[in-house]
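There are 2 protein chains.
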Amino acid sequence: MAHLTAAELAEHLGTSKAAARIRAAACEVFAARGYGVATTREIAASLDLSPGAVYPHYKTKESLLFAIALEGHWGVLTAVTSADDPELPPADRLSAVMGAFVLWHAERTAISSVIQHELRSLEPEHLAMIVDIRRSTTAAFDAVLRAGVDDGTFGIDDVPTATLALTSLGIDVSRWFPSRRISDPHELSRRYSDIALRIAGASRP
Amino acid sequence: MAHLTAAELAEHLGTSKAAARIRAAACEVFAARGYGVATTREIAASLDLSPGAVYPHYKTKESLLFAIALEGHWGVLTAVTSADDPELPPADRLSAVMGAFVLWHAERTAISSVIQHELRSLEPEHLAMIVDIRRSTTAAFDAVLRAGVDDGTFGIDDVPTATLALTSLGIDVSRWFPSRRISDPHELSRRYSDIALRIAGASRP
Numbered sequence: 001m002a003h004l005t006a007a008e009l010a011e012h013l014g015t016s017k018a019a020a021r022i023r024a025a026a027c028e029v030f031a032a033r034g035y036g037v038a039t040t041r042e043i044a045a046s047l048d049l050s051p052g053a054v055y056p057h058y059k060t061k062e063s064l065l066f067a068i069a070l071e072g073h074w075g076v077l078t079a080v081t082s083a084d085d086p087e088l089p090p091a092d093r094l095s096a097v098m099g100a101f102v103l104w105h106a107e108r109t110a111i112s113s114v115i116q117h118e119l120r121s122l123e124p125e126h127l128a129m130i131v132d133i134r135r136s137t138t139a140a141f142d143a144v145l146r147a148g149v150d151d152g153t154f155g156i157d158d159v160p161t162a163t164l165a166l167t168s169l170g171i172d173v174s175r176w177f178p179s180r181r182i183s184d185p186h187e188l189s190r191r192y193s194d195i196a197l198r199i200a201g202a203s204r205p
Numbered sequence: 001m002a003h004l005t006a007a008e009l010a011e012h013l014g015t016s017k018a019a020a021r022i023r024a025a026a027c028e029v030f031a032a033r034g035y036g037v038a039t040t041r042e043i044a045a046s047l048d049l050s051p052g053a054v055y056p057h058y059k060t061k062e063s064l065l066f067a068i069a070l071e072g073h074w075g076v077l078t079a080v081t082s083a084d085d086p087e088l089p090p091a092d093r094l095s096a097v098m099g100a101f102v103l104w105h106a107e108r109t110a111i112s113s114v115i116q117h118e119l120r121s122l123e124p125e126h127l128a129m130i131v132d133i134r135r136s137t138t139a140a141f142d143a144v145l146r147a148g149v150d151d152g153t154f155g156i157d158d159v160p161t162a163t164l165a166l167t168s169l170g171i172d173v174s175r176w177f178p179s180r181r182i183s184d185p186h187e188l189s190r191r192y193s194d195i196a197l198r199i200a201g202a203s204r205p
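Just so you know, the protein sequences line up as chains A and B, in that order. The opening residue of the first sequence carries number 1 in the UniProt record's numbering; numbering runs sequentially from there. The opening residue of the second sequence carries number 1 in the UniProt record's numbering; numbering runs sequentially from there.
Just so you know, not all the hints are guaranteed correct.
[What the hints assert, rightly or not] Computed, partial: chain B to chain A, Cβ under 7 angstroms:
hint : residue
1    : A31
2    : G36
3    : R41
4    : T161
5    : L169
6    : D172
7    : S183
8    : P185
9    : R191
[As the list claims (entries may be wrong)] Below, computed lysine to any residue pairings styled on SDA-like, alpha-carbon distance capped at 25 angstroms:
hint : chain 1 : residue 1 : chain 2 : residue 2
10   : B       : K61       : B       : G152
11   : B       : K59       : A       : R33
12   : A       : K61       : B       : R120
13   : A       : K61       : B       : H117
[Claimed, not checked] So the derived label-pair ranges between C-beta atoms look like this:
hint : chain 1 : residue 1 : chain 2 : residue 2 : range
14   : B       : T39       : A       : D48       : 27 to 37 angstroms
15   : A       : A139      : B       : G52       : 45 to 55 angstroms
16   : B       : A45       : A       : E87       : 58 to 68 angstroms
17   : A       : R146      : B       : T60       : 46 to 56 angstroms
18   : A       : S63       : B       : D92       : 50 to 60 angstroms
Keep in mind the hints are simulated off the structure, nothing from the lab. Virtual Cβ for every residue (Gly too), placed ideally from N, Cα, C.
Looking at chain A on its own, in the form it has when it is part of the complex (with noise of 0.2 angstroms):
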């Protein structure tokens, strides 16, 4: 798990229903505008609030961004950690982590756009701490896949590129989810879970 824990994450983030509106609006406008063009003001305006509303809650659109990877990279952690289940066999438990980390970006491709592709606006230090869980999703993956080459369920030599291949899918579906072709998430999820046993080697199940 991440350093950070899920207390100090609130303490971040608070506890405000005003604040969760203003990240829920920043992320909107984020995607749809970029990060660098977008404006305190504009986020306001797109909840119907005075310019001088969001200033209580975030000091500096940098703020803002920040809180939002914090709550958008712990959430893909802790959606890939709950779905995990260690006692199960290696490819249920693939199959199981694929999935949730596919859901979790196909039903929120606004977050997941930003907290994917504006990271570098962050400074360092919040950047450092955003990595820090990423690096807990990336050892979620490492493991399950690690487990499985251990009791011989996976056929893979290079765990760290078969997890690079599976997460780098996972979060491309911000790119282009939904596509003419596939719209629902859940079919999606399904379709590359199905990927991910092929990734690693897996018998069919």
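Following the hints, complete the assembly by docking chain B onto the known chain A.
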């Protein structure tokens, strides 16, 4: 192949070396700062040119983005179709096509990132031309996969999803490459070609 011909592409892009230098500089600026906030003034400055020097080549920032998108997506399509030899067995074809696609993106992360993530900023008729070229690239992957399904080499019942996963993996390279773990484009290209064969359900070469 796309409806656009190579001659029409040349007509759009011109043969001016100055324009090519401006496109290359614009890629770097767009990739580093985001298209939305970047200005043609900055792009000119990065080449030690006066702000007015861009205008004779590109009247608007959008026309510059369109030229880059045209050049980039045409480059991807050409890389893929040149790598494919329909006389070869499907597994060799898939390995070559995926390898070329991945290599193109890994060796050109600035233009790759711009042409994959800034398309929302294109005018509708420009976007339509780019979508047309992208469909041809998708069709090239589909054709190789179908050839392998037809002759029994590949074990997949859903060619579009396999093509989606393969192209998504290659496109997302522009987001993360290079990483601490993989920084050689050719090495990545080889590893992802192996993963492509797994996704296609081929027996290992």
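Tested hints:
The restraint placing A31 (chain B) at the interface with chain A is violated, with a minimum CB-CB distance near 10 angstroms, outside the 7 angstroms limit. Proximity of G36 (chain B) to chain A holds as hinted, the smallest CB-CB distance being about 4 angstroms (cut-off 7 angstroms). Interface restraint check for R41 (chain B): the shortest CB-CB distance to chain A comes to about 15 angstroms, outside 7 angstroms, so the restraint is violated. At a threshold of 7 angstroms, the smallest CB-CB gap from T161 (chain B) to chain A is about 5 angstroms, leaving the interface hint in force.
Against a cut-off of 7 angstroms between C-beta atoms, the interface hint on L169 (chain B) holds, since the closest Cβ of chain A lies about 6 angstroms away. This hint holds: D172 (chain B) has a C-beta 4 angstroms from the nearest C-beta of chain A, less than the 7 angstroms allowed. Interface restraint check for S183 (chain B): the shortest CB-CB distance to chain A comes to about 13 angstroms, outside 7 angstroms, so the restraint is violated. Hint status for P185 (chain B) relative to chain A: violated, with the closest Cβ pair at about 14 angstroms, above 7 angstroms.
Hint on R191 (chain B) holds. Least Cβ distance to chain A is approximately 5 angstroms, under the 7 angstroms limit. Restraint check for K61 (chain B) and G152 (chain B): the C-alpha separation of about 49 angstroms exceeds 25 angstroms, so the hint is violated. Of the supplied pair hints, the one linking K59 (chain B) and R33 (chain A) holds, its CA atoms being roughly 22 angstroms apart against a limit of 25 angstroms. For the given pair, K61 (chain A) sits about 22 angstroms from R120 (chain B) by alpha-carbon distance, which is consistent with the 25 angstroms threshold.
At most 25 angstroms may separate the alpha-carbon atoms for a hinted pair to count; K61 (chain A) and H117 (chain B) meet this at roughly 21 angstroms. The hinted range of 27 to 37 angstroms is satisfied by T39 (chain B) and D48 (chain A), whose Cβ atoms lie roughly 31 angstroms apart. Our hint of 45 to 55 angstroms for A139 (chain A) and G52 (chain B) holds, since their Cβ atoms are close to 53 angstroms apart. As the Cβ distance of A45 (chain B) to E87 (chain A) is approximately 60 angstroms, the hint placing it in 58 to 68 angstroms holds.
A beta carbon spacing of about 52 angstroms between R146 (chain A) and T60 (chain B) agrees with the range 46 to 56 angstroms that was offered as a hint. Range check, S63 (chain A) to D92 (chain B): Cβ separation about 52 angstroms, and the 50 to 60 angstroms hint holds.
Taken one by one, the earlier hints fail for this structure at numbers 1, 3, 7, 8, 10, listed in ascending order.
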